[in-house]
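Asks: Heads up: the sequence lines are chains A and B, in that order. Using this note's numbering, you'd call the opening residue of the first sequence number 1 and step up by one each time. Using this note's numbering, you'd call the opening residue of the second sequence number 1 and step up by one each time.
It is worth saying that the hints were derived from the structure and are not from the lab. Ideal Cβ placement from N, Cα and C applies to all residues, glycine included. Fair warning: there could be bad hints in the mix.
[Unchecked claim] Straight-line distance between alpha carbons at most 35 Å, and here's what the computed DSBU-like set of lysine-lysine pairs gives:
| id | chain 1 | residue 1 | chain 2 | residue 2 |
| --- | --- | --- | --- | --- |
| 1 | B | K84 | B | K165 |
| 2 | A | K3 | A | K189 |
| 3 | B | K165 | A | K189 |
| 4 | B | K46 | B | K84 |
| 5 | B | K165 | B | K3 |
| 6 | B | K3 | A | K3 |
| 7 | B | K46 | A | K28 |
[Stated by the list, open to error] A few chain A residues facing chain B, derived, Cβ under 8 Å:
| id | residue |
| --- | --- |
| 8 | S11 |
| 9 | E46 |
| 10 | A126 |
| 11 | Q128 |
| 12 | Q131 |
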Amino acid sequence: MLKNAFLTLLSLAIAIGGGGGSVWYALKAQDGVGAIRIGQWTAFPEIGTQAADPYSKARVAREGVLALGRAEGLSFIAERDAGGDQLRRECAYMIEGRFPTARFWTLYAADQSLGVVDTDRPRLAALQSYQVLRQPDNSVIITVGNRPAPGNWLLTEGFGRMYFVLTFYDTPIASSTGLSDVTLPRIVKAGCNA
Amino acid sequence: MRKLLHTVLLGLLGAGIVHIVVLMLVPEFSERDAWSRLAMASDLYKMTRLDAEAGGAPVVKSVDPLFYAAACRFDLAEGMVRIKAPGNVPFWSVSVYDRSGHNLYSFNDHSATGGVLDTVVLTPAQMIDVRRELPEELQGAIFVEAPIEEGIFVIRSFVPDDSWKPVVSQFLEQSSCELQDY
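Pulled out of the complex, with its shape left as it was, chain A reads as follows (with noise of 0.2 Å):
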């Protein structure tokens, strides 16, 4: 009677427990359904649509975001360089290469949440198409690092985990048959502060 009982128990314990912990699990990880991957960098086009998987649906109830329609824009998220190892606030790396076209576009260093990496400086950890400096192929050389450098500097600060976020506004790879021949620019790593 009391092993029936426990049986029981354990069973129902496995199911809830188990149940629960894999949903906060596969919401908690950034990789999902539905993603993009060019070079390295992801975008999720269907997030915040009707169309989105059950996944992202539940991710964007629980993170409360408001995605960016497709007439505003798509984001891309970077979370290693081009040698596969996870991006740091401590390293300094090189993002060089075209960027697709667009009225203009975004970069910024995030922290974990996605939120700008706050820098203890008037200066922001983020740049726009606008004011940088271009090659005379129209390519894009930004510096990303705590030193001040020539050309494009990105400023970050600290240390720990780093995202790099690239939004293209009004474009047309936001439409889905945009992306398929879609470069984007590489990240590599120039040096750490260790």
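Following the hints, put chain B in place on chain A, whose structure we already have.
Replies: Same frame as chain A, but now just chain B:
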């Protein structure tokens, strides 16, 4: 021993069912979704700044640091809602969301007449009424048909550099979100 194995298997099956049920219920019962956060910050038909610039923590997550944004909640069951914002800013874009934060419709300043933000959100039934006789003052407005009752309207505006901050702030401060009599 076989009984224990049986129990564990049954538990795992149950876990699968619970996983699906919880996943489907999260959007229904979330108290942290955008609507609830906005409801805590302000009333219906009131434009509220979403970025941290206006003081306090940002109301809704993931606003680009080079953007200012404002949102208002509306209920189309009470009537159609008109959103206007005067002034010229480098870029603005707007989105209509339903109660659970799904993006239903979006457009930007290139779609608007003269780049002026003047739009009316209404249900298809209200649209039929309005079409019958379009009031003079709504001639230039962009009509957004949304098959919803409660919803959220968001205006985002680009701040290219510090010198634009007051202009863009003013653009959002002066934006209005009102029930339109018809």
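Asks: All hints, please: hold or fail.
Replies: Cross-check of the supplied hints:
no.	hint	verdict
1	B:K84 - B:K165	holds, 20 Å
2	A:K3 - A:K189	violated, 59 Å
3	B:K165 - A:K189	holds, 33 Å
4	B:K46 - B:K84	holds, 12 Å
5	B:K165 - B:K3	violated, 68 Å
6	B:K3 - A:K3	holds, 10 Å
7	B:K46 - A:K28	holds, 32 Å
8	S11	holds, 4 Å
9	E46	violated, 10 Å
10	A126	holds, 5 Å
11	Q128	holds, 5 Å
12	Q131	holds, 7 Å
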